[in-house]
Amino acid sequence: MLQTEENIIYFSPYTQICQHGESQQQHGASGSEDCPFCQIANNQTDAEILLSDDELLCFRDIKPSATHHYLVVSRTHINNCKTLQGDDIPLVERMEKMGRSILEKNKVSNLNDVRMGFHVPPFSSVPHLHLHALAPASTMNFKSQLRYGPQSHWFIPRIIAFWIYLKLNSNLKDSLSLSPDLED
1 MLQTEENIIY FSPYTQICQH GESQQQHGAS GSEDCPFCQI ANNQTDAEIL
51 LSDDELLCFR DIKPSATHHY LVVSRTHINN CKTLQGDDIP LVERMEKMGR
101 SILEKNKVSN LNDVRMGFHV PPFSSVPHLH LHALAPASTM NFKSQLRYGP
151 QSHWFIPRII AFWIYLKLNS NLKDSLSLSP DLED
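Using UniProt numbering, the first residue of the sequence shown is number 1, and each one after it goes up by one.
Read the hints as simulated data drawn from the structure, not as lab findings. Because the structure is a prediction, the values reported are computed rather than measured. Each hint should be verified, as a subset may be incorrect.
Subject to a maximum C-alpha distance of 27 Å in a straight line, what follows is the list of computed DSS-like cross-link-like pairs (lysine-lysine) [claimed, not checked]: (1) K63 to K107; (2) K143 to K63; (3) K107 to K143.
Can you make the complete structure from the sequences, with help from the hints?
What follows is the structure in structure tokens.
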């Protein structure tokens, strides 16, 4: 159910996105010295970077749950999917595109047998935004299905983020009757 509370729009118990104002997590260029994904992004580890650009990088998950299990992370430290702002949705779309690219590069031909999404805190092992790209999803074992499958309550597909994006860009303020202080 969609509801509002101050400057935050909630969709389901698993995601939230800020429409206006500050995010609950500060987005930082440098990230944290203790964050393993920031260390990878800053070339401070020997992790093999499979794909990268100015804002994203992709590498293998160290505990793969499928034949192909990759992580796409933002170079900018964003704590998790619950702290995404409306302006971050195109970033999520680019993350998915990179996830599909790495799967295609590794000869995954059936993109209908793929799971892509984010773990919801407190169920994310690293507090840095990262998209899991797994294939083939149909061969994941029981434990992996619990963590990444469609029935998982702590793994959300990126389609939810896209739905929020559509809602934010289709007169959401009118449909929710937001208070005047939230309007432009």
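Now for the hints, and whether the structure bears them out:
Simply put, K63 and K107 have alpha-carbon atoms about 21 Å apart, close enough for the 27 Å limit, and the pair holds. Taking the CA atoms of K143 and K63, the gap is about 12 Å. The hint holds against a cut of 27 Å. Annotation: proposed proximity of K107 to K143 holds, straight-line Cα distance about 25 Å (limit 27 Å).
Violated hints for the displayed structure: none, as all numbered hints are satisfied.
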